Amino acid sequence: MSGLGNIRGWLLAEVPKSKWQARGQRFYIGWLAFRANPVAMAGLIIVAGLVLVALLAPWITASDGLEPDLPNRLQPPSAEHWFGTDQLGRDIYDRIIWGSRITLYIVGLVAIIVVPIGLVIGTIAGYVGGLVDSVLMRLTDIFLAFPRLILAMAFVAVLGPGLENAVLAIALTTWSPFARIARAEALTIRNSEFILAAQVQGVSTVGILTRHVTPLCLSSVIVRLTLDMAGIILTAAGLGFLGLGAQPPTPEWGAMISLGRQYLIDQWWVPTVPGIAILVVSLGFNLLGDGLRDVFDPKSGA
Amino acid sequence: MTDAPLLKVEDLHVSYNTPTGVVEAVRGVSFELGREKLGIVGESGSGKSQTGRAILGLVAPGGQRRARRLEFDGTDLLSADERTMRRIRGDCISMIMQDPKYSLNPVMSIGAQIEEAFLVHRETIRQEARERTLEMLRAVKIREAERVYKAYPHEVSGGMGQRIMIAMMMIPEPDIIIADEPTSALDVTVQLQVLAVLDDMISERGMGLIFISHDLNLVASFCDRILVMYGGQVVEQCLAAELDQARHPYTRGLLNCLPSLDHGQDELPVLKRDPAWLSAVKVSS
Amino acid sequence: MIEINHLDVVFGHGHKLFHAVRDLALKIERGQSYGLVGESGSGKTTVLRALAGLLAGVARVSGEMQVAGESLQGQNRSREFRRRVQMVFQDPYGSLHPRHTVDTILSEPARVHRLDRIEDRVVQALEEVGLDASFRFRYPHQISGGQRQRVSVARALITDPEIVLLDEPTSALDVSVQAEVLNLLMRLKRDHGLTYVLVSHNLAVVAHMCEALSVMQNGSVVETMNVKQLRDHTPTTPYTRQLLTASLGYDRQAIDAFEEFA
Ligand SMILES: Nc1ncnc2c1ncn2[C@@H]1O[C@H](COP(=O)(O)OP(=O)(O)OP(=O)(O)O)[C@@H](O)[C@H]1O
Ligand SMILES: Nc1ncnc2c1ncn2[C@@H]1O[C@H](COP(=O)(O)OP(=O)(O)OP(=O)(O)O)[C@@H](O)[C@H]1O
Ligand SMILES: [Mg+2]
Ligand SMILES: [Mg+2]
Chain A
341 MSGLGNIRGW LLAEVPKSKW QARGQRFYIG WLAFRANPVA MAGLIIVAGL
391 VLVALLAPWI TASDGLEPDL PNRLQPPSAE HWFGTDQLGR DIYDRIIWGS
441 RITLYIVGLV AIIVVPIGLV IGTIAGYVGG LVDSVLMRLT DIFLAFPRLI
491 LAMAFVAVLG PGLENAVLAI ALTTWSPFAR IARAEALTIR NSEFILAAQV
541 QGVSTVGILT RHVTPLCLSS VIVRLTLDMA GIILTAAGLG FLGLGAQPPT
591 PEWGAMISLG RQYLIDQWWV PTVPGIAILV VSLGFNLLGD GLRDVFDPKS
641 GA
Chain B
19 MTDAPLLKVE DLHVSYNTPT GVVEAVRGVS FELGREKLGI VGESGSGKSQ
69 TGRAILGLVA PGGQRRARRL EFDGTDLLSA DERTMRRIRG DCISMIMQDP
119 KYSLNPVMSI GAQIEEAFLV HRETIRQEAR ERTLEMLRAV KIREAERVYK
169 AYPHEVSGGM GQRIMIAMMM IPEPDIIIAD EPTSALDVTV QLQVLAVLDD
219 MISERGMGLI FISHDLNLVA SFCDRILVMY GGQVVEQCLA AELDQARHPY
269 TRGLLNCLPS LDHGQDELPV LKRDPAWLSA VKVSS
Chain C
105 MIEINHLDVV FGHGHKLFHA VRDLALKIER GQSYGLVGES GSGKTTVLRA
155 LAGLLAGVAR VSGEMQVAGE SLQGQNRSRE FRRRVQMVFQ DPYGSLHPRH
205 TVDTILSEPA RVHRLDRIED RVVQALEEVG LDASFRFRYP HQISGGQRQR
255 VSVARALITD PEIVLLDEPT SALDVSVQAE VLNLLMRLKR DHGLTYVLVS
305 HNLAVVAHMC EALSVMQNGS VVETMNVKQL RDHTPTTPYT RQLLTASLGY
355 DRQAIDAFEE FA
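Protein chains in written order, with my numbering: chain A, 341 to 642; chain B, 19 to 303; chain C, 105 to 366.
In short, the hints are calculated from the structure, not lab data. Predicted, not measured: the structure shown is a model, and the values here were computed from it. C-beta atoms are modelled at their ideal positions from N, C-alpha and C, and glycine is treated no differently. Possibly wrong hints are sitting among the right ones.
[Claimed, not checked] One-sided excerpt, in silico: chain C residues whose CB lies under 10 Å from chain A:
hint, residue
1, Val114
2, Gly161
3, Arg164
4, Val206
5, Ser238
6, Arg240
7, Leu269
8, Asp271
9, Arg345
[Said to hold, decoys possible] Per the computed footprint, the stretches of chain B lying under chain C, defined by three or more beta-carbons under 8 Å from a beta-carbon of chain C, are:
hint, region
10, 185-191
11, 230-244
12, 272-285
Isolated chain A, as found in the complex:
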């Protein structure tokens, strides 16, 4: 307890004594603001739950959810099969749990691809301006102009179906709003005095972009990313549903709905459970995004 008290004291000290303490304090004060927001906390709990479930999958499931067990097909929810079994007799609970890894894999990979692309294109366009801006933004507009799922389908049609290709296709159709946001932020940052100050110091354009402009764009991009996660999951599910994403027997939630949809009337649990999983996780990311937006709000000084 007194150890915790010490950490708290360190985090709230009037005078930070090192760079790390200063950073820690900034995060801690942001965390205090975040914690005070119940909706955001609900989002965080859902997302943390998803991560936890994915990590613990081998220990909390009885099977890997891939082996058919035809005698047991389409069992209703029971003590043995909490969410019932599907058309091939696989336990739906196990498949949902293993599927959480796939969902995380998709959102994680998309985030890793999309954020850097969006930041680089957006900050360069906004900061450099002129012709560079026009060219980059026309390019962004082209991607923005197509409905996401349609464009993703076109990409998958070219690249071939499969989880990796679906991720790539989603990433290609998702980066453009990030570039727009980063550009909008960069446009206001470009006129501020601390950028002029950096120029006076002799900081190169690359240095200004990476050390001065990007950190300030990052918070809006992260907020947008968490808010977009729901859309990404739904697009992945949509591709899975259309048979263009993860291929059977992978327990991807969208594909599970797709294959289970003909049982909706008589064995409702087969498509419904993965549907609820998608809904809950999308909602979780959305709430988290809303909470982060409040925390990152410049007026809060965090």
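Guided by the hints, dock chains B and C with the ligands onto chain A, whose structure is given.
Same frame as chain A, but now just chains B and C with the ligands:
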């Protein structure tokens, strides 16, 4: 100045709960405002802006306002609901904020923003609004009104931004103007001309003005009465003309810090703060 | 030290074209503090920015500028120039990066110019502007306006410059802090033999700090005088005379007599 005061403030407190403790921004400020020019001076952080904002209920999240009494022209502002406050903020008490650039919409041209204020507050038709906007810009001594009309906030100098804010705030013809350092980014000549515009409007329409500034000379020559604030309290009240005879050591210290135009000094005297100033030693003359 | 001739700065194109500085000439000696005064929008900041090479892509700049024998080409500045010429901005809230600690802010110029002993320099610069080590790891929003302005001054000093351009360094500060910052600037100038170009609209500040000054109006210099003329209230042009009257405080009658100098 003989009629009933427009605004009565008694024992106003503003405090903020921050993760690092409670910050008492305003600690028991009382004053009355008639149809006059009241100056509030004091160093940065002394609570001048917070006092002005608290009158309008503009306390930042995490903040609390308490007062024994807060009355505008017979309306109790402490118990007023959000709708009443919005009406008061829109039509009766205007505030010119300290950071003009942050108060203007960066992606809307200046002309369009002022025009909008006309359309909202004065039931003007659009063609007329444009004319009156240009007139307003000229009234605050903006020379190339046509160019500024089309400009965006980042394209005008800091001083122009402040004048534009003043122009916008005068449109609803309020009873009280709270001006938070409205002219600190202006050069002296324009500053005085803008104040003259403000002064004329106030005396013509019988408005009250709360003029927040840290420019002691300016406040002394422009206002009727002065409150000197330190650490969230009013430490001294006096008539503007008698500021040079102020008795509180804090006020004297502020007066001494000013560089002089007429004779050179090697080193300016700086203020030495005395903790005793925080416990109520009030001087009034 | 600084010599500017025929400086012209034009912003924008077409109907938004604006000639902010016209045929301006300035001559500033080494070790001098030189004041630049004039009304809002007269182009004072623009002159400093043109000198510092901050108008690339923003405005068209022409004319001759020489700084310490180096003739400046367009808006490109050499690394050496960046080390020798520093600037302090008007807005203490806007000129420090909100996500950088004081330490990061102060070590950046040292890193950019590949100086040695960065840590020592940061500590020493803080000491020099009268901030103790407890400020080193704070963020700008955790310190007051006056302290921020001290950090800006410290940042300008890290690279051991010869010239510091000061754009209204105290106009956002209250009088007690202004006195501290002005004292600080005076002391640093004595200790380091700096040359200052000080933009201000406060004539008392200019009289306190500078030996000579130029009065600007509509992008050109209308009068150049020394501080004695300023103190004796003996300007030669009506524009400067009006500026002096205005510095004396609010006087309704005098204001009505103000003229428009277009
Ligand atoms: N949102 C907030 N949370 C916590 N403290 C605050 C907040 N806003 C203001 N304060 C504190 O209230 C005090 C008074 O601030 P205020 O803005 O009124 O000062 P001021 O006299 O207007 O100064 P200046 O001349 O710099 O504008 C300061 O100490 C400030 O730190
Ligand atoms: N980026 C820009 N685009 C267009 N016009 C500009 C730009 N920056 C400045 N100007 C114009 O140039 C003129 C001179 O501006 P400058 O900032 O140099 O004035 P200043 O003398 O420093 O005024 P102040 O005392 O208000 O700071 C102003 O009329 C301004 O509108
Ligand atoms: Mg204030
Ligand atoms: Mg300027």
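Evaluated hints:
no., hint, verdict
1, Val114, "17 Å, violated"
2, Gly161, "7 Å, holds"
3, Arg164, "14 Å, violated"
4, Val206, "9 Å, holds"
5, Ser238, "4 Å, holds"
6, Arg240, "8 Å, holds"
7, Leu269, "8 Å, holds"
8, Asp271, "9 Å, holds"
9, Arg345, "33 Å, violated"
10, 185-191, "violated (count 0)"
11, 230-244, "holds (count 8)"
12, 272-285, "holds (count 12)"
Going through the hint list in order, the structure does not satisfy hints 1, 3, 9, 10.
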